[in-house]
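> Okay, here's what each chain looks like letter by letter:
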Amino acid sequence: MQSQSTLPEGAYRSSRGSGEDRLAVLRHEMEYLNTIGKRFVAANDRFQVHRALLATLQELYSFSACAILLKGQQGDPFELSIIPRYPLSASFLQEMIQRIARAANIIDFPKVTPEELAVAAYLDAPDDLALMEPQSPLGGSEIGDFLHLPLAVEDRIIGLLSLFHEREGIFDTQLLQLTRIIADYAAIALENMRLREREQALWREAEFERRRLELIISSMAEALLITNAQGAIVSLNRFAEQLFQQAEIDTRLEPGVPLRQLAARSNVPWLRELTHVVDQALTGQTIKNQELIIGESGETVPLTLSISAAPLSQDSHHPLPSGAVVVLNDITDRKQIEKLKDEFVSVVSHELRTPLTAIKGYTQHLVRRLERRLRQQAREGREQPEPPESYDLRSLYIVQSQAEHLERLVSDLLDLSRVQWGRLDLQYTPFYLADLLAEQVRLAQANTEQHIVQLDLQVQDSKVIADRQRIAQVVGNILDNAIKYSPQGGHVTVRLESTNDAFLVSISDEGIGVSPEYLDHIFERFYRVRNAASRQYSGIGLGLYVARAIVEAHGGRIGYASNQQGMGSTFYFSLPQSPNSAETRQL
Amino acid sequence: MSLYSSDTSSADSRKPVVAAYLEVIRLLDDRVAPLLGKVTTRVLVQGAARRVAEKYPFLHFLERIPYTEVTPAIAQEQLGGQSPQELTAGLNALLEECFAGLKELTGDLIVTPLHDEVTRQLQHMSIMS
Numbered sequence: 042m043q044s045q046s047t048l049p050e051g052a053y054r055s056s057r058g059s060g061e062d063r064l065a066v067l068r069h070e071m072e073y074l075n076t077i078g079k080r081f082v083a084a085n086d087r088f089q090v091h092r093a094l095l096a097t098l099q100e101l102y103s104f105s106a107c108a109i110l111l112k113g114q115q116g117d118p119f120e121l122s123i124i125p126r127y128p129l130s131a132s133f134l135q136e137m138i139q140r141i142a143r144a145a146n147i148i149d150f151p152k153v154t155p156e157e158l159a160v161a162a163y164l165d166a167p168d169d170l171a172l173m174e175p176q177s178p179l180g181g182s183e184i185g186d187f188l189h190l191p192l193a194v195e196d197r198i199i200g201l202l203s204l205f206h207e208r209e210g211i212f213d214t215q216l217l218q219l220t221r222i223i224a225d226y227a228a229i230a231l232e233n234m235r236l237r238e239r240e241q242a243l244w245r246e247a248e249f250e251r252r253r254l255e256l257i258i259s260s261m262a263e264a265l266l267i268t269n270a271q272g273a274i275v276s277l278n279r280f281a282e283q284l285f286q287q288a289e290i291d292t293r294l295e296p297g298v299p300l301r302q303l304a305a306r307s308n309v310p311w312l313r314e315l316t317h318v319v320d321q322a323l324t325g326q327t328i329k330n331q332e333l334i335i336g337e338s339g340e341t342v343p344l345t346l347s348i349s350a351a352p353l354s355q356d357s358h359h360p361l362p363s364g365a366v367v368v369l370n371d372i373t374d375r376k377q378i379e380k381l382k383d384e385f386v387s388v389v390s391h392e393l394r395t396p397l398t399a400i401k402g403y404t405q406h407l408v409r410r411l412e413r414r415l416r417q418q419a420r421e422g423r424e425q426p427e428p429p430e431s432y433d434l435r436s437l438y439i440v441q442s443q444a445e446h447l448e449r450l451v452s453d454l455l456d457l458s459r460v461q462w463g464r465l466d467l468q469y470t471p472f473y474l475a476d477l478l479a480e481q482v483r484l485a486q487a488n489t490e491q492h493i494v495q496l497d498l499q500v501q502d503s504k505v506i507a508d509r510q511r512i513a514q515v516v517g518n519i520l521d522n523a524i525k526y527s528p529q530g531g532h533v534t535v536r537l538e539s540t541n542d543a544f545l546v547s548i549s550d551e552g553i554g555v556s557p558e559y560l561d562h563i564f565e566r567f568y569r570v571r572n573a574a575s576r577q578y579s580g581i582g583l584g585l586y587v588a589r590a591i592v593e594a595h596g597g598r599i600g601y602a603s604n605q606q607g608m609g610s611t612f613y614f615s616l617p618q619s620p621n622s623a624e625t626r627q628l
Numbered sequence: 009m010s011l012y013s014s015d016t017s018s019a020d021s022r023k024p025v026v027a028a029y030l031e032v033i034r035l036l037d038d039r040v041a042p043l044l045g046k047v048t049t050r051v052l053v054q055g056a057a058r059r060v061a062e063k064y065p066f067l068h069f070l071e072r073i074p075y076t077e078v079t080p081a082i083a084q085e086q087l088g089g090q091s092p093q094e095l096t097a098g099l100n101a102l103l104e105e106c107f108a109g110l111k112e113l114t115g116d117l118i119v120t121p122l123h124d125e126v127t128r129q130l131q132h133m134s135i136m137s
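These protein sequence lines are chains A and B, in that order. Going from the first sequence to our numbering is simple: count from 1 and add 41. Going from the second sequence to our numbering is simple: count from 1 and add 8.
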């Protein structure tokens, strides 16, 4: 940029003339400052700022070179640009760098050595500002005069402007103030360039991230869609598009239309469920792995998706989500495998039950026969200290006990199938819950000599209408676990309390407890906590799953609570006093 | 060269020393800030304080507090534990470092007349106290 300004006479001198003269001087000063301001504002990059600076300074001084040292950003401690007006000798340059380093260390600048500066220095020589014919091929070897002015923006020093000349007495005190004003302009322009460069770098980074994300989303095996705060789809990948095509909805044709409006016009049932999930996410909730059946209900295993949705939050100042992100995962294959597994388990369980019934029946028969024989021997006085029948009887007791255990397992497996296919039929009869609990406590105590099982009844009247056998199964399953996981001599307490129209049964033990990370899973089927503490206990992970299904089928709830002092567990379940009260409560 | 000399030894004699240097710093501000700007003048004094703080640790506070914000109360609080001799030596060193820094930046443009002016003022105040 060539200078278009003319330095006003006396612009930097004290103006003591008449009012008219002072006004003229002021006008000249303002015009001059306006001209140099425009030069810096027009600069589009740091090299143009250098040129503007050089052009302006040339109007004040004759100098050999100017240098701009800037504090670095992001790892670089500093940046040094040297702008010679004509070729300089090596010794001159060397001395320049030494003086710049010394001046930088005087002001608030990171410690810098001349050697570091020499390595980092960048020579920037604008051709059109260079003198056409230097007086000698190379300038002088020594610095005659110099001036360093810190470059400040607001109250920060961002760098240092340095001017050098071979001759002495070049720089003038009277021009110092004006030079500082020019340095201030340059500082602001350089800072703006830095901010612009940083902004551009951030944009490039953001664009790169955007493309990367786009690629990830488009190559995802899951369907993904993003909505705005109104629930209108703003972005979706190919799989999500295919999903909507299946519902005969072309989201591209109706941009900005909220999903709930599309669902209202459609006969596709799953679209309403999807809308519901999106609406939940838009209120700030996170939904995880909710099943969404897309296929026809008549199919053996309909197309099933697992849907997860989360709110898109802007920042802490905007508590309401700016949209929702929804991921749909095809889990039909998993469902098919589960179905096959359930069918297999169901068939095997049925097949096991028949021989098991025979084993149990014949074992019982043999037990009775041996017991009779022993009684007869006793009556006839033929009693021996250790008759062979007593050995056989003990063996048969073990067979009987193990057959019963096996029967419970088979029963759990059969119940699993029933629960899976919603065929858990309940036989409601009136009975006293306290009696059932007492019976279960007796049975449990009979099976363990190493634990103390006790009953704590907090209610007088415990009449309930429920499936007695099933509730006994729930209590039995929880008690089995409580005893299994309790140390020898541990106490297991069964407590009965009542709340408005329901009973609350809790079973506490002094066992190993359940770590918080497993709590979400302990009621899942076939789930077993896998850690060192639980490895020694056998089981197939169905007891709690079946218990939950039974309790929920009664309209109750089942849960877990850690005991105080972190010792042992408490499992509890609520049971409505009658099926009617369960319905009332659900309403 | 000592810019200011103190022959007193009592604790009360700290006050005129501190007052004299506050005046001098104000003089520096008056002369340097219009030419180099307030920020540069501030970092010049802070840089000088940093360089002399190893020998005169009581001047360390000038690295944290800008010289323009140092009131007589703050100065008394920060410098209260020093003898007038130590104080004088430290403040002299601080001024010399300020001039050295100024010389490094602008050569003889500002330093020579300002140094003479400061010396005159301190000598005058020394006589007055």
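Read the hints as simulated data drawn from the structure, not as lab findings. Each hint should be verified, as a subset may be incorrect.
Unchecked claim - Here are a few chain A residues that face chain B, going by a calculated C-beta distance under 10 Å:
(1) 134
(2) 140
(3) 143
(4) 146
(5) 151
(6) 153
(7) 154
(8) 157
(9) 161
(10) 188
(11) 191
(12) 195
(13) 197
(14) 198
(15) 218
(16) 253
As the list claims (entries may be wrong) - Distance condition first, Cα-Cα at most 25 Å in a straight line; then the derived DSS-like pairs of lysine-lysine:
(17) B:63 with A:112
(18) B:23 with A:112
(19) A:329 with A:401
Glycine is no exception: its CB is placed at the ideal position from the N, C-alpha and C atoms.
> With reference to the structure, classify each hint as holding or not holding.
Evaluated hints:
no., hint, result
1, 134, "violated, 19 Å"
2, 140, "holds, 8 Å"
3, 143, "holds, 5 Å"
4, 146, "holds, 8 Å"
5, 151, "violated, 13 Å"
6, 153, "violated, 14 Å"
7, 154, "violated, 15 Å"
8, 157, "violated, 18 Å"
9, 161, "violated, 21 Å"
10, 188, "holds, 6 Å"
11, 191, "holds, 5 Å"
12, 195, "holds, 8 Å"
13, 197, "holds, 7 Å"
14, 198, "holds, 6 Å"
15, 218, "holds, 6 Å"
16, 253, "violated, 42 Å"
17, B:63 with A:112, "violated, 29 Å"
18, B:23 with A:112, "violated, 40 Å"
19, A:329 with A:401, "violated, 46 Å"
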